[in-house]
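Novice: For the protein sequence lines, the chains are D and X, in the order given.
Just so you know, this note's numbering puts 14 at position 33 of the first sequence, and the rest follows in order with no gaps.
Just so you know, this note's numbering puts 257 at position 271 of the second sequence, and the rest follows in order with no gaps.
Worth double-checking, as some hints may not be accurate.
[To be verified] Not close to chain X: a few residues of chain D, all C-beta gaps over 12 angstroms, as computed:
1. Pro22
2. Ala23
3. Ala44
4. Val66
5. Gln84
6. Glu85
7. Thr89
8. Lys93
[To be verified] Just some of the chain X residues that point at chain D, by a computed CB distance under 8 angstroms:
9. Arg14
10. Arg18
11. Thr19
12. Pro51
13. Thr53
14. Ala59
15. Gly67
16. Glu117
17. Asp163
18. Gly192
19. Pro198
20. Thr206
21. Trp208
22. Asp212
23. Gly213
Think of the hints as simulated: they come from the structure by calculation, not from any bench.
The structure displayed is predicted, hence computed values, not measured ones.
Ideal placement from N, C-alpha and C gives every residue a C-beta, glycine not left out.
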Amino acid sequence: MSTNRAKHLLLVALLVAVPSPGTAADDHSIPLAIGEQGFSPAETEAPAGVRIRFEVTNQATGAVEFESFDLNRERVIQPGQTVNVYVSGLAPGRYEFFDDFHQERRGTLVVK
Amino acid sequence: MIETLLIVWRESLEAALIVGILLTYLARDGQRTGMRYVWAGSAAAVLAAVGCAAASDSALRHLDPDTQEVIQAGILFLATGVLTWMALWMRRNAKALRGNLHRGADRALATGRLLGLATIAFVAVFRECMETVLFLWGVALERADTAGPMLVGAGLAGVGLAIATAWAFFCGFALLDLRTFFRVTGMLLLLVAAGLLTSGVNKLIGLGYLSPLVPQIWNTGWLVPDGSPVGTVLGALMGYRSRPSLLEVIVFVAYFPPVLWMFHHAGASERQVPRGALQRSAPSPSPPRGRSPEAWSSR
C-alpha cells in the first residue's frame, strides 16, 4: 500500500472512531464581542461538563485572534465576522482568554 | 509597533524553522541545487501570499469563516503529508548518494524530488505568510493615523527576527557529526510533521467537527508555559500545547509508528539492490522497452 493511501486510511479510521459531538441544542452558547475596549462581557460563566460554544464577534476595525492557553484554542477573526469556537467537558475553574493581536484585551470564563 | 514586531516574529517562526531544517540538511549534504529550490519555493510563497491577500481581502470576508478554518486545517494536513514524504526521501537519498549509484530512474525522478522540496518550503511559508499579511492589513486599517512604512518596517523586522532565531537554532547543529546530524534533522522533520497534523486536528476540534475525547488530558504549563520563549519555539516547531486534548495526544503519538516503519523500510529497500547489478547484467541487443537496468538483472 502506498504511503499516501496508508495515511488517508489512518485519518478515515480516526474520524470514524471518534464519537460525533452532541447536537447544537445541547450547547451552552456564550456570545462574546471583541472591540476596541476589549471583551464584552469580560467575565462569563458556564456549567461544567457541557459543550460550550463561544460566538465571538469582531467589532474592531482590524483582525483579532481569539486565543486561550487555558482552553487550547486560537482563531483569527476578521472585522465584522462572527465565528463559533467549541470547547467541551471543562472541569470547574477559571479559564483566561485574550486577543493575541492586542494582548491588553483579556477575559475570563468561570466554570462552575 | 513593538507588538506588531513580536506578533509577526511568532507567526513567521514556524515557517522559518521548517525552511531552516531543510536548508541546514541540504547544506550539510552538499546539495546546492536543492537549496536553490527551497529558496525559490519560499520566495514564491511570499509573493503568492501577498498577491492572494491583496486580491481577495474583501472576498475572504465574504467566505464563510468556518470554511476558511477548514481550508487552513486542510493546508496543515497537506503540509504533514509533504513533510513526511520529504523526510522519507531524504533518508533514501542520503544512502543513494553514499552508494554513488548512477541510475537512470533516479536522475529522472530527481527533478520531481527537487520540486517536492520547493513545494514543502512553499506550503510552510505560504500559510504563515497569509496569516501575517492579513494581520498586518488589519493593523494598518485600524491605525490609519500611523505611517504605513513604519508598520511594514515592524513587520519586516519581525520576519528578520524569525529568520535570525531559526539561524541561531541551527548553528548548534554544525557541531554534530554527519551521521548524528542527519539523524537529528530527520527526526526533527518528523516531529514538525506530527505537530502540524496535531494542529490541524486542534482546528477541527475547535470547529466542533471532532470530539476531543478528553478535553485537557494534562497541564504542563508549570513546566513549559505556552507563552514562554521555550514554549513559543516548541509550539512553533512541533505544535506543543500545555493543555492538549486526548485526541491531539493520540494523533501525535499515532503518527510515529507507521512513519517510522516506512523510514526503516526505506533504509531496507536500499540494501536489497546489489551494487554490482549494473555491471553484472549483460545488456541484450534489443532491450525491452520501458524496463530499467535493474529490472534486467533482477531474477
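Novice: Could you run down the list of hints and mark each one as holding or not?
Specialist: Going through the hints against the structure:
1. Pro22: Answer for Pro22/D: holds, closest chain X Cβ roughly 21 angstroms.
2. Ala23: Ala23/D is indeed farther than 12 angstroms from all Cβ atoms of chain X, at 20 angstroms.
3. Ala44: violated (3 angstroms)
4. Val66: Contrary to the label, Val66/D does not stay out of reach of chain X, its closest Cβ about 5 angstroms off (not over 12 angstroms).
5. Gln84: Check fails; 7 angstroms does not lie beyond 12 angstroms.
6. Glu85: Not fine: 9 angstroms to the nearest Cβ puts Glu85/D too close to chain X.
7. Thr89: holds (16 angstroms)
8. Lys93: holds (16 angstroms)
9. Arg14: violated (25 angstroms)
10. Arg18: Given a least distance of 28 angstroms, the restraint on Arg18/X is violated.
11. Thr19: This interface hint is violated because 24 angstroms lies over the 8 angstroms limit.
12. Pro51: holds (5 angstroms)
13. Thr53: violated (11 angstroms)
14. Ala59: violated (12 angstroms)
15. Gly67: holds (6 angstroms)
16. Glu117: Result: holds, 6 angstroms to nearest chain D Cβ.
17. Asp163: With Cβ-Cβ at 29 angstroms, over 8 angstroms, it is violated.
18. Gly192: holds (5 angstroms)
19. Pro198: Hint holds; Pro198/X Cβ to chain D Cβ min 6 angstroms, cut 8 angstroms.
20. Thr206: violated (11 angstroms)
21. Trp208: Nearest chain D Cβ about 12 angstroms off; hint violated.
22. Asp212: It holds, given that the least Cβ distance between Asp212/X and chain D is near 4 angstroms, below 8 angstroms.
23. Gly213: Since chain D brings a Cβ to about 7 angstroms from Gly213/X, closer than 8 angstroms, the hint holds.
Violated hints, listed in ascending order, are 3, 4, 5, 6, 9, 10, 11, 13, 14, 17, 20, 21; each of the other numbered hints is respected by the structure.
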